[in-house]
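These protein sequence lines map, in sequence, to chains A and B. So in this note's numbering, spot 30 of the first sequence is number 30, and the numbers just go up one at a time. Offset between the second sequence (1-based) and this note's numbering: plus 113.
If you are wondering where the hints come from, they were derived from the structure by calculation, not from laboratory data. Among the clues, some could well be false.
Unchecked claim - Straight-line C-alpha distance at most 20 Å; calculated EDC-like pairs for lysine to aspartate or glutamate: (1) Lys166/B <-> Asp57/A; (2) Lys168/B <-> Glu14/A; (3) Lys78/A <-> Asp63/A; (4) Lys71/A <-> Glu14/A; (5) Lys167/B <-> Asp100/A; (6) Lys168/B <-> Glu116/B; (7) Lys71/A <-> Asp51/A; (8) Lys71/A <-> Asp57/A; (9) Lys181/B <-> Asp194/B.
Claimed, not checked - Here are a few chain B residues that face chain A, going by a calculated C-beta distance under 7 Å: (10) Ala126; (11) Val140; (12) Ala144; (13) Pro152; (14) Gly155; (15) Leu159; (16) Leu162; (17) Phe213; (18) Glu215.
As the list claims (entries may be wrong) - So, partial list: chain A residues that the calculated Cβ filter (under 8 Å) puts toward chain B: (19) Leu45; (20) Glu52; (21) Val55; (22) Lys71; (23) Thr111.
For clarity, every value in this text was computed on a predicted model and none was experimentally measured. For each residue, glycine too, the CB sits at the ideal point set by N, CA and C.
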Amino acid sequence: EAEVAQSPRYKITEKSQAVAFWCDPISGHATLYWYRQILGQGPELLVQFQDESVVDDSQLPKDRFSAERLKGVDSTLKIQPAELGDSAMYLCASSLDNPDTQYFGPGTRLTVL
Amino acid sequence: KNEVEQSPQNLTAQEGEFITINCSYSVGISALHWLQQHPGGGIVSLFMLSSGKKKHGRLIATINIQEKHSSLHITASHPRDSAVYICAALLRTSGSRLTFGEGTQLTVNP
Numbered sequence: 001e002a003e004v005a006q007s008p009r010y011k012i013t014e015k016s017q018a019v020a021f022w023c024d025p026i027s028g029h030a031t032l033y034w035y036r037q038i039l040g041q042g043p044e045l046l047v048q049f050q051d052e053s054v055v056d057d058s059q060l061p062k063d064r065f066s067a068e069r070l071k072g073v074d075s076t077l078k079i080q081p082a083e084l085g086d087s088a089m090y091l092c093a094s095s096l097d098n099p100d101t102q103y104f105g106p107g108t109r110l111t112v113l
Numbered sequence: 114k115n116e117v118e119q120s121p122q123n124l125t126a127q128e129g130e131f132i133t134i135n136c137s138y139s140v141g142i143s144a145l146h147w148l149q150q151h152p153g154g155g156i157v158s159l160f161m162l163s164s165g166k167k168k169h170g171r172l173i174a175t176i177n178i179q180e181k182h183s184s185l186h187i188t189a190s191h192p193r194d195s196a197v198y199i200c201a202a203l204l205r206t207s208g209s210r211l212t213f214g215e216g217t218q219l220t221v222n223p
């Protein structure tokens with residue numbers, strides 16, 4: 001069964017360092033989402049792509065976060081510089097279209113020391 | 114007040130019990146998702162619905178558009194059902210962004 005792939009699964013970094021997360025959605029899924037989930041809370045949408053275009057990045061802290069999906073397939077989320085408050089689970093999801101069932105990847109757990 | 118609210122926040126049941134988790138929302142929606150999140154973070158999409166009722170195995174999801182309310186039911190609960198269940202709504206006021214409830218932590222004891 002097709003799955004959303006994410007890497008790395010875990011990342012520990014020091015504050016002020018740069019980190020990058022990668023997501024490969026299910027083949028053919030046009031819509032890709034990046035979420036941040038702080039422990040004990042629900043996921044929060046950071047950015048949504050439709051193919052290679054950003055359709056919603058209103059909650060993305062653009063001073064330090066960036067996201068791209070250059071060829072409309074896989075995507076990278078970057079944080080530079082990382083801050084202590086960025087420690088969270090970063091989830092990627094994809095769907096054929098929006099609205100549609102979203103399929104989530106396993107997530108990247110980030111710890112900023 | 115959150116636009117999507119779940120209850121209860123925590124639920125403990127004995128194996129075999131019938132479970133109900135509730136979700137209410139404050140504005141019109143295009144669709145509503147029920148998600149399951151196991152320890153370690155993995156999220157599985159259980160249902161997406163915009164009307165009526167859906168069933169998959171021991172799981173049933175219902176939605177009442179007029180009452181702005183959805184329920185997730187688990188029949189013959191099992192310890193492996195222990196997880197956080199999250200309701201997420203595509204609110205008509207939020208474009209294409211899902212609004213998540215805070216989740217219900219379900220523990221099913223053997």
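Status of the hints after comparison with the structure:
no. : hint                  : in the structure
1   : Lys166/B <-> Asp57/A  : violated (33 Å)
2   : Lys168/B <-> Glu14/A  : violated (46 Å)
3   : Lys78/A <-> Asp63/A   : holds (11 Å)
4   : Lys71/A <-> Glu14/A   : violated (31 Å)
5   : Lys167/B <-> Asp100/A : holds (15 Å)
6   : Lys168/B <-> Glu116/B : violated (26 Å)
7   : Lys71/A <-> Asp51/A   : holds (8 Å)
8   : Lys71/A <-> Asp57/A   : holds (18 Å)
9   : Lys181/B <-> Asp194/B : violated (26 Å)
10  : Ala126                : violated (21 Å)
11  : Val140                : violated (15 Å)
12  : Ala144                : holds (4 Å)
13  : Pro152                : violated (12 Å)
14  : Gly155                : holds (5 Å)
15  : Leu159                : violated (9 Å)
16  : Leu162                : violated (10 Å)
17  : Phe213                : holds (3 Å)
18  : Glu215                : holds (6 Å)
19  : Leu45                 : holds (5 Å)
20  : Glu52                 : violated (16 Å)
21  : Val55                 : holds (6 Å)
22  : Lys71                 : violated (21 Å)
23  : Thr111                : violated (13 Å)
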